[in-house]
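Participant: Below, each chain spelled out in residue letters.
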Amino acid sequence: MKKYFISHDLCKLLAKEIFYFFSALVAVGLAFESLLPGFFCLYFNVSVLAGFWLLSLIISLLCIKEKK
Amino acid sequence: MSFEKIEAPDIYYLMKMPLNKKIRFFWLILLFFIIIFLAYQFVSPSGDWSCTHSFSSFQASSCLGDPTPKERVIKTQGGPLLILGEPVYFSVFSPRPFSHITIKITYRPHLSSSTPIFEAGFLADKKLWRYRLQPVYNLWLEQGLSSWTQLRSGNLSLFQRKEKFSSLSEFLSVWRSQGSSFCSQPRCLAVYNLSLEEAPPALDLRSLSPVSENSFFPYPLRGEHQFYIFLKNKGLSLSGNLLDLNENKDIDDAEIVVFSGRNQVDLLSLPDRRPQKEESGDIGIIQSVKIVNSDLPSGLYRLEFRAGDDLVLSDLSVNSAYLSIINKIWPFTEEAVSLVTDAPYLQVKALSPAALQTLDFGGRHLELTEIYKQYEIKSKRLGGENIRLSTGSLILANNGMFAASSSALINPDYPRLDRFSSLNEQLDFVLADYRPAIIEDEGWLSSTLEFDASDLYRERGKYSLILSIPGLLAEGGGGGLVEIKSINVEFSGPSLGAKIKDWLNL
Numbered sequence: 001m002k003k004y005f006i007s008h009d010l011c012k013l014l015a016k017e018i019f020y021f022f023s024a025l026v027a028v029g030l031a032f033e034s035l036l037p038g039f040f041c042l043y044f045n046v047s048v049l050a051g052f053w054l055l056s057l058i059i060s061l062l063c064i065k066e067k068k
Numbered sequence: 001m002s003f004e005k006i007e008a009p010d011i012y013y014l015m016k017m018p019l020n021k022k023i024r025f026f027w028l029i030l031l032f033f034i035i036i037f038l039a040y041q042f043v044s045p046s047g048d049w050s051c052t053h054s055f056s057s058f059q060a061s062s063c064l065g066d067p068t069p070k071e072r073v074i075k076t077q078g079g080p081l082l083i084l085g086e087p088v089y090f091s092v093f094s095p096r097p098f099s100h101i102t103i104k105i106t107y108r109p110h111l112s113s114s115t116p117i118f119e120a121g122f123l124a125d126k127k128l129w130r131y132r133l134q135p136v137y138n139l140w141l142e143q144g145l146s147s148w149t150q151l152r153s154g155n156l157s158l159f160q161r162k163e164k165f166s167s168l169s170e171f172l173s174v175w176r177s178q179g180s181s182f183c184s185q186p187r188c189l190a191v192y193n194l195s196l197e198e199a200p201p202a203l204d205l206r207s208l209s210p211v212s213e214n215s216f217f218p219y220p221l222r223g224e225h226q227f228y229i230f231l232k233n234k235g236l237s238l239s240g241n242l243l244d245l246n247e248n249k250d251i252d253d254a255e256i257v258v259f260s261g262r263n264q265v266d267l268l269s270l271p272d273r274r275p276q277k278e279e280s281g282d283i284g285i286i287q288s289v290k291i292v293n294s295d296l297p298s299g300l301y302r303l304e305f306r307a308g309d310d311l312v313l314s315d316l317s318v319n320s321a322y323l324s325i326i327n328k329i330w331p332f333t334e335e336a337v338s339l340v341t342d343a344p345y346l347q348v349k350a351l352s353p354a355a356l357q358t359l360d361f362g363g364r365h366l367e368l369t370e371i372y373k374q375y376e377i378k379s380k381r382l383g384g385e386n387i388r389l390s391t392g393s394l395i396l397a398n399n400g401m402f403a404a405s406s407s408a409l410i411n412p413d414y415p416r417l418d419r420f421s422s423l424n425e426q427l428d429f430v431l432a433d434y435r436p437a438i439i440e441d442e443g444w445l446s447s448t449l450e451f452d453a454s455d456l457y458r459e460r461g462k463y464s465l466i467l468s469i470p471g472l473l474a475e476g477g478g479g480g481l482v483e484i485k486s487i488n489v490e491f492s493g494p495s496l497g498a499k500i501k502d503w504l505n506l
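Heads up: the protein sequence lines correspond to chains A and B, in order.
First residue of the first sequence: 1, per the working numbering; consecutive thereafter.
First residue of the second sequence: 1, per the working numbering; consecutive thereafter.
If you are wondering where the hints come from, they were derived from the structure by calculation, not from laboratory data.
Bear in mind the structure is a predicted one, so any value in this text is a computation, not a measurement.
We treat Cβ as the ideally placed atom computed from N, Cα and C, and that holds for glycine.
Just to be clear, a hint being listed does not mean it is correct.
[Said to hold, decoys possible] With a straight-line cut-off of 20 Å between C-alpha atoms, the simulated DMTMM-like cross-links for lysine to aspartate or glutamate are:
#1 B:K21 x A:E17
#2 B:K22 x A:E17
#3 B:K22 x A:D9
#4 B:K349 x B:E86
#5 B:K126 x B:E247
#6 B:K127 x B:D253
#7 B:K462 x B:E490
#8 B:K16 x A:D9
#9 B:K290 x B:D272
#10 B:K249 x B:D309
#11 B:K462 x A:E33
#12 B:K328 x B:D418
#13 B:K126 x B:D272
#14 B:K373 x B:E86
#15 B:K126 x B:D452
#16 B:K21 x A:D9
#17 B:K290 x B:E304
#18 B:K126 x B:D253
[Unchecked claim] Label pairs and their in silico Cβ distance ranges:
#19 A:V28 x B:K127: 35 to 41 Å
#20 A:V46 x B:P69: 21 to 27 Å
#21 B:R96 x A:L55: 30 to 36 Å
#22 B:Q287 x A:P37: 35 to 41 Å
#23 A:P37 x B:R262: 34 to 40 Å
#24 B:E71 x A:L55: 36 to 42 Å
#25 A:V46 x B:V43: 20 to 26 Å
#26 B:N293 x A:V46: 53 to 59 Å
#27 A:V28 x B:P275: 45 to 51 Å
#28 A:P37 x B:S207: 53 to 59 Å
#29 A:P37 x B:K162: 56 to 62 Å
#30 A:P37 x B:E71: 51 to 57 Å
#31 A:P37 x B:T448: 26 to 32 Å
Here chain A stands alone, though its shape is the one from the complex (with noise of 0.2 Å):
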């Protein structure tokens, strides 16, 4: 039977991708904000996004501390 177990790497590397995703996401949202104000707001709870991007970013800080 295999043991499952959870890697600190694959954390970091989720951790990591997790925050570029929310950052590119962002990056989209200003882009479509700045084209037509209110427009990316009607589908994208702003403040949610903001919170997930910034706790995807402690967790990548927090494991790149780890890495030292």
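Given the coordinates of chain A, work out where chain B should sit on it, guided by the hints.
Facilitator: Just chain B, lined up with the frame of chain A:
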């Protein structure tokens, strides 16, 4: 014959990818679909785009902005929006301009005879602050005329106090060919929400007997005004003076447009080339205004003086015995003003402390004590009244005409069914373009309104929506309230394919 070996694509490539690439591939694909979705909504290639704002459920964001001013509404938790005062404004977002807007309002009206009309519309002209309104709910047409006979064809309804016409087409045929001759007394037909440019005038123009050839309006008029004139003989000759107060920051271009029915027959452009700076308060020189058009045949004309509030038109003279100002007048003078109007009520607003006074309306007095507050006074009788002001600089409005003297007053318009109309006297017929409200569950009603959006005002991707219930005052004025459950907005216009075909001239 030789064949080159072609390697088939490695469909297992994705499975063989390292984990970090797999994750990145996954979110890049997700981001790609989000961008495609947003781009699709932004372009709206089908030509349709819609959104619904439900006030009864939580919505973090919507195409409808918050209602303003806030003191005229109450937002209940999980309940409908309560409108206590009017007007209430919303911004309505759309990703791009469209040619047609359909809005569906679900509401519960709690209105009275002092607030019988609920209308909604969009801003069409920001300079003149004109909204294009459509009826949402009309208490009289829904309930007040229930004892009258109703004839209906499509959205057009004729209400008769006593049955005289058996069909709407019979009425329209008689009306178009003979005017209001079917009336047993003058002005027996009231209209609501009708475009009357092509309709016969309410007045028999042949019966007019002008007492003079010319009219002179003795008071300067500030801002936009509309006039009716009647040319007894061929040719129009109009003159006046234009003064720029330079109080606000906008450039003060102006126009005088002459209409015959709905047709524009003459235009005088008055661009602002005056050297004085805007907002300087420097009045500058008086500019002469003149229109001479010898080709205009005799008849009834409507003049529009399109101008901002900085411009004052004075010494207005025209070769017509009649010179009536339509619905609103702003005499700009510190001297006493004497006017006549044919409407049985008057709405008054003072914009400066110097204009506060006690005015006389047909022998009744109205004391103005606050600036920017709209006051109302009703006449004791039907018909025209005299207005006496100790000083000008007041905005006077009603649904009738204003003139300097009763001999100069002409009103070719049909009485409009508004909140000041009296259904108990004079009126025998009401013709309305009105779509009755649809009854839904729990006493909710819904009304669908359609607008041609091609010339509506749109700024920063937003249209301006107004909900208007004339007479509804939030400051304890009574008149009831309106509950709004939801507003659905549907935009439509040419599809992307049609636009591309249009660009390519296919």
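Participant: None of the hints should be skipped; say for each whether it holds.
Facilitator: Here is how each hint holds up against the structure:
1. B:K21 x A:E17: 10 Å, holds
2. B:K22 x A:E17: Measuring from Cα to Cα gives roughly 11 Å; hence the hint holds.
3. B:K22 x A:D9: Measuring from Cα to Cα gives roughly 15 Å; hence the hint holds.
4. B:K349 x B:E86: Since the Cα atoms of K349 (chain B) and E86 (chain B) sit roughly 16 Å apart, the hinted pair holds (cutoff 20 Å).
5. B:K126 x B:E247: Measuring from Cα to Cα gives roughly 18 Å; hence the hint holds.
6. B:K127 x B:D253: This hinted pair holds, its Cα atoms lying about 11 Å apart.
7. B:K462 x B:E490: 14 Å, holds
8. B:K16 x A:D9: 19 Å, holds
9. B:K290 x B:D272: Holds - the C-alpha atoms of D272 (chain B) and K290 (chain B) are around 16 Å apart, at most 20 Å.
10. B:K249 x B:D309: 11 Å, holds
11. B:K462 x A:E33: 14 Å, holds
12. B:K328 x B:D418: Holds: K328 (chain B) and D418 (chain B) sit about 16 Å apart, inside 20 Å.
13. B:K126 x B:D272: 18 Å, holds
14. B:K373 x B:E86: 13 Å, holds
15. B:K126 x B:D452: 17 Å, holds
16. B:K21 x A:D9: 14 Å, holds
17. B:K290 x B:E304: Distance of about 14 Å is within 20 Å: holds.
18. B:K126 x B:D253: Satisfied, since the Cα-Cα distance of roughly 14 Å is no more than 20 Å.
19. A:V28 x B:K127: 35 to 41 Å: 37 Å, holds
20. A:V46 x B:P69: 21 to 27 Å: Taking Cβ atoms as reference, V46 (chain A) and P69 (chain B) lie about 25 Å apart, which means the hint holds.
21. B:R96 x A:L55: 30 to 36 Å: 35 Å, holds
22. B:Q287 x A:P37: 35 to 41 Å: 40 Å, holds
23. A:P37 x B:R262: 34 to 40 Å: 37 Å, holds
24. B:E71 x A:L55: 36 to 42 Å: Since E71 (chain B) and L55 (chain A) have Cβ atoms about 39 Å apart, the given range 36 to 42 Å holds.
25. A:V46 x B:V43: 20 to 26 Å: Holds: the Cβ-Cβ distance is about 22 Å, inside 20 to 26 Å.
26. B:N293 x A:V46: 53 to 59 Å: 58 Å, holds
27. A:V28 x B:P275: 45 to 51 Å: 50 Å, holds
28. A:P37 x B:S207: 53 to 59 Å: 58 Å, holds
29. A:P37 x B:K162: 56 to 62 Å: 58 Å Cβ-Cβ, so the 56 to 62 Å window holds.
30. A:P37 x B:E71: 51 to 57 Å: The hint (51 to 57 Å, Cβ to Cβ) is violated, given that P37 (chain A) and E71 (chain B) are roughly 26 Å apart.
31. A:P37 x B:T448: 26 to 32 Å: 29 Å, holds
When the structure is compared with the earlier hints, a violation turns up for hint 30 alone.
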